[in-house]
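2 protein chains.
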Amino acid sequence: MFQEYNSSGKHMICDFKGIQNLDLLNNLDELKNVLKEVCKNNDFNILNEVEYKFHPIGLSILFLLSESHLSVHTFPEKNHMSFDIYTCRQYSDNAAYMEMFKFLSNKLQASLDSNYKIIDRYF
Amino acid sequence: MFQEYNSSGKHMICDFKGIQNLDLLNNLDELKNVLKEVCKNNDFNILNEVEYKFHPIGLSILFLLSESHLSVHTFPEKNHMSFDIYTCRQYSDNAAYMEMFKFLSNKLQASLDSNYKIIDRYF
Chain L
113 MFQEYNSSGK HMICDFKGIQ NLDLLNNLDE LKNVLKEVCK NNDFNILNEV
163 EYKFHPIGLS ILFLLSESHL SVHTFPEKNH MSFDIYTCRQ YSDNAAYMEM
213 FKFLSNKLQA SLDSNYKIID RYF
Chain V
113 MFQEYNSSGK HMICDFKGIQ NLDLLNNLDE LKNVLKEVCK NNDFNILNEV
163 EYKFHPIGLS ILFLLSESHL SVHTFPEKNH MSFDIYTCRQ YSDNAAYMEM
213 FKFLSNKLQA SLDSNYKIID RYF
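As they're listed, the protein sequences go chains L and V.
Residues in the first sequence are numbered consecutively from 113, following my numbering.
Residues in the second sequence are numbered consecutively from 113, following my numbering.
Every clue listed holds true.
Here are the computed lysine to any residue pairs in the SDA-like style, where the Cα-Cα straight-line distance is at most 25 angstroms: (1) V:Lys129 with V:Glu142; (2) V:Lys152 with L:Gly170; (3) L:Lys148 with V:Ser178; (4) L:Lys148 with V:Phe166; (5) V:Lys129 with L:Arg201; (6) L:Lys129 with V:Ile230; (7) V:Lys152 with V:Ser204; (8) V:Lys190 with L:Arg201; (9) V:Lys144 with L:Glu163; (10) L:Lys144 with V:Asn160; (11) L:Lys152 with V:Phe166; (12) L:Lys144 with L:Met210; (13) L:Lys165 with V:Ile158; (14) L:Lys229 with V:Phe213; (15) V:Lys190 with L:Ser178; (16) V:Lys152 with V:Ile230; (17) V:Lys148 with L:Glu161; (18) L:Lys229 with L:Ala208; (19) V:Lys129 with L:Ser120; (20) V:Lys229 with L:Gln202; (21) L:Lys214 with V:Tyr234; (22) V:Lys165 with L:Ser178; (23) L:Lys165 with V:Tyr234; (24) L:Lys129 with V:Ile231; (25) L:Lys190 with V:Tyr234; (26) V:Lys148 with L:Val162.
Note that these hints are calculated values from the structure, not bench results.
All of these numbers come straight from a predicted model, not from anything done at the bench.
Only chain L is shown next, with the shape it has when bound in the complex:
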């Protein structure tokens, strides 16, 4: 109970591997739309965003949320995308985060060795 009382939220770190939908890893607008869908599905409020297109390939996108932040880095040459979401919202379990992982995994057509870690953070 003490720890729950002091929760500062959950942080999920995902590494999506073997991605088949390479278009998504190089298309800034399309990828941002997918991330905005994640935010919409979870009622996350995007306060500000910043992005960078690496040359010749690769994207980085950061969303500053009312609830904390979301980050993405794509490595098309490795069929890889790293994704982080940290929110200070209080969840009773990991279900919402696992839904996000599944949603992104489907969009990316990622392989089954993609993985996630969910870290509970405390004040």
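Please build the complex by placing chain V on the supplied structure of chain L, with the hints as guidance.
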């Protein structure tokens, strides 16, 4: 060796607790200067940045780096700051990250129960 070859870098998650230097948690420019010092000390290249001042207190700052990203969220009412740094740079050990933790801990005058986790990420 296989895993080292496939390293996508190290991600450090820090929770600074019992912070005495509360001014730093509410002063956007001062806190950004401290974070820029972290980047300078480590030769991280800031490509873009975004920030938000919450009302009445609390700051969020995200730096998009050539090397990935850095994020900060302050909770002055809890004497707390969460800090993340993810870089795709290849380090042979955790020394540089532990130096960052110590540097920030000193600047914040954080308590000894502040903690960090260093997560190795892979393609």
